[in-house]
Amino acid sequence: MSARLYAKRAISASDTSAAVVTHGTIALRNLEAQIEGLEPNSTPGQRRVEEQARLVDLLALRGSILASIADYERALELAQLLVCDAGREGTAFLARARGRAVFHRFGDALDDLDVAESLAADAKAVRRERAAIFQGLGRYEEAYAFREEDARRYPSFDSLGALTTLCAERGDTERAERLRAESVRRYRGVSPLPLAILEFHLGAMWMHEGRLDRARDHLIAARCYVPAYAPAQGHLAEVEAELGKLDLAITLLEPLAATSDDPDYAAQLARICADAGYPDDSRYWRGRAAARYDELTTVHPEAFGDHAAEFWLAAGGDPSKALPLARMNLENRKTPRAYALLSRAIVADEAVSAGGISHHQNVAVRDFSSKR
Amino acid sequence: MSDHFSGPRALADPAADISDVFAFPAPGDPRRLVLAMDVFGKAGPSAVFSDAVIYRFRLRRANIAATGAGASFAVDTDEVAFDFTFDVPSGANDTTHPPQRGCCATPGGDTVSFYTNDEKGGQSPGVRVFAGQRSEPFFLDVRMIEKTVATRQIAFKKVGSDTLYGTNVLSIVLEVEWEKLFGGAPMFAVVCETLRAGPKPTRIERVGRPEIKNVSLSFKMFDQVNRDLEIRDIYNSEDAFALASDYVGAYRARMNANLAFYDSLDEKIDWPLDEAGNHPLTRLLLADFLVVDASKPFHETSYFEIERAMLAGRPHATAGGRWLNEDVMDLIFTLYINGGNGPRISDGVDAPIAWSSTAFPYLAPPNPPKAKAS
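As they're listed, the protein sequences go chains A and B. Residues in the first sequence are numbered consecutively from 1, following the working numbering. Residues in the second sequence are numbered consecutively from 1001, following the working numbering.
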């Protein structure tokens, strides 16, 4: 079966009303073209606040599709400049809040939203951003209160899609699927990017639930919308690995690990190569991931603490490095996953300290479903 | 990182976003009518047309129904449409700029194939087409427009700053022998649309006259009826030739309010409202299509000339429509602010970075990319 046909089947399995949308490669080219078209005006004095805020959003979007930390960093850098340049514009603070939230600087982001609100930024946009931050912080009830109200008052792809991702994160699978279908039904655009992102969230949800078949369908659907969607490809590789298709998983991960500045792919590849009996490759990718995690946890500790801790508990094989990172992560965001991560880090660290488990043995401590 | 994206914010596809529409008799051949549609404002070099969008030119025969204060057009229900569609370019993943195959479906059932950025374009009897990246022909100072609205005072400078300077767009140019369209009737109403392709195409956007949605309709603060209504999405979804009755009142109220605001900027009233509170331009502007008379000679400054002649109760002298190089912002502000009863209102931007030419495909070649900001 061709890849294209395979992907189409996956979409039809997950969606009964697939929209006619722009081909993913065109959409990505045009995202690039939008960024190219806005970047030249980014020198101070020439910028229009709305356009620069738009550029921040576009860079963050490309970052999320291509798993490009450099894009996230550029977005935050531009947002910082924007606040310096237009300190009386609520839109500037809203943009910086988004940039900071991406790096899990939730407290700073909430402060920015307060300023944005006082400067009369778009009230609905501020509330939506605040709900997203509450979700990131694990303050689910507050996030739900807004998302439910927003979806009820303004039922649209945006509001229902946001509620879908919240339900997905909470593991409310039945409702998330129902909301996803309703979101797609209301979609009026031709860009495939929002649809791909929605499918990705559903895929991640089913992975967490251990329903690999369903996760696979959604992740393939996401890649059908946007073939170059890196996180979908990475998660699909993890699913394939769990299903025993280690070589396929390696094939999916290698290009990502080789090109992405996000070490998650190298970390996953190291783990899967070890399982597949390629110790040299595993060592190589482990080294790359370790070096990059060390860089990122220095520069962006809040954003990468959890991912780095996962790595040190798994392929990284050093629970002593995982423990402080897991603690810091829980201080920043009290989500169920943050508690679970710290719990695993403590157990693994105690086991190593007691001498009852070697680093290599510790790799086996990982638990596919509980680590997400 | 990817796991924590805050949720899908629907980002519109820029390739479906129409920025301008033009209609003029071919400067070198009065038998031919030229229509152009620009999409994807501020397009970077990578920009291509969407394969999920139908780019449509719609033409109907127009006649002058009334002149004077109640000036209006009568537009036939018969219509011709030219639909442009595009394939996924091979090598679309590359950083290079692969040509994209396009196709124009004519009202006669023919199809004209072409590749983007080929200046010779595609041809069939009576039809010539071009599509590709070109220099943005439009020029204006957006900041000073915003300041004018915010301060309620004319804020234009003697030398303004062109917001679109050096930028590019994706253009589609259609040249047709107009006598073949409606049996020789020369006056056309023209509107361009983007539609989501599929079994039942749905309208994404429509554009006829310049600056209706942004300069004329977007500002909410003067509207005493619908202060909170973002009217543009609803407006876009309407058929330009047959507005549904549901929202006409909202469009009219918004247009009346905003036009009255512009009229007040020189502290004299040039456009007294009628007993019902309607601005004299509202009806004509809400007939949101370009009207072009192909029997009249090409003229460089002809936008709204037919309509002004109608309001004055005299015959029009030009083809109307809209030529690429016209300083339409100056014309609009002069029209809105003093109705031509005072000095020309200039926004201080009098030219684009590159003038369009009088030869096919008319729009200037694209500008080179600028250096990235450090």
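There's no promise every hint is true.
Stated by the list, open to error - DSSO-like, lysine-lysine: derived pairs with alpha carbons at most 30 Å apart:
no., chain 1, residue 1, chain 2, residue 2
1, B, 1220, A, 124
2, B, 1200, B, 1180
3, B, 1147, A, 124
4, B, 1200, B, 1220
5, B, 1268, B, 1120
6, A, 124, B, 1213
7, B, 1158, B, 1296
8, A, 124, A, 334
By construction, these hints were calculated from the structure, which means they are not laboratory data. All values reported here derive from a predicted model rather than from experimental measurement.
Hints the structure violates: just list their numbers, smallest first. Violated: hints 4, 5, 7.
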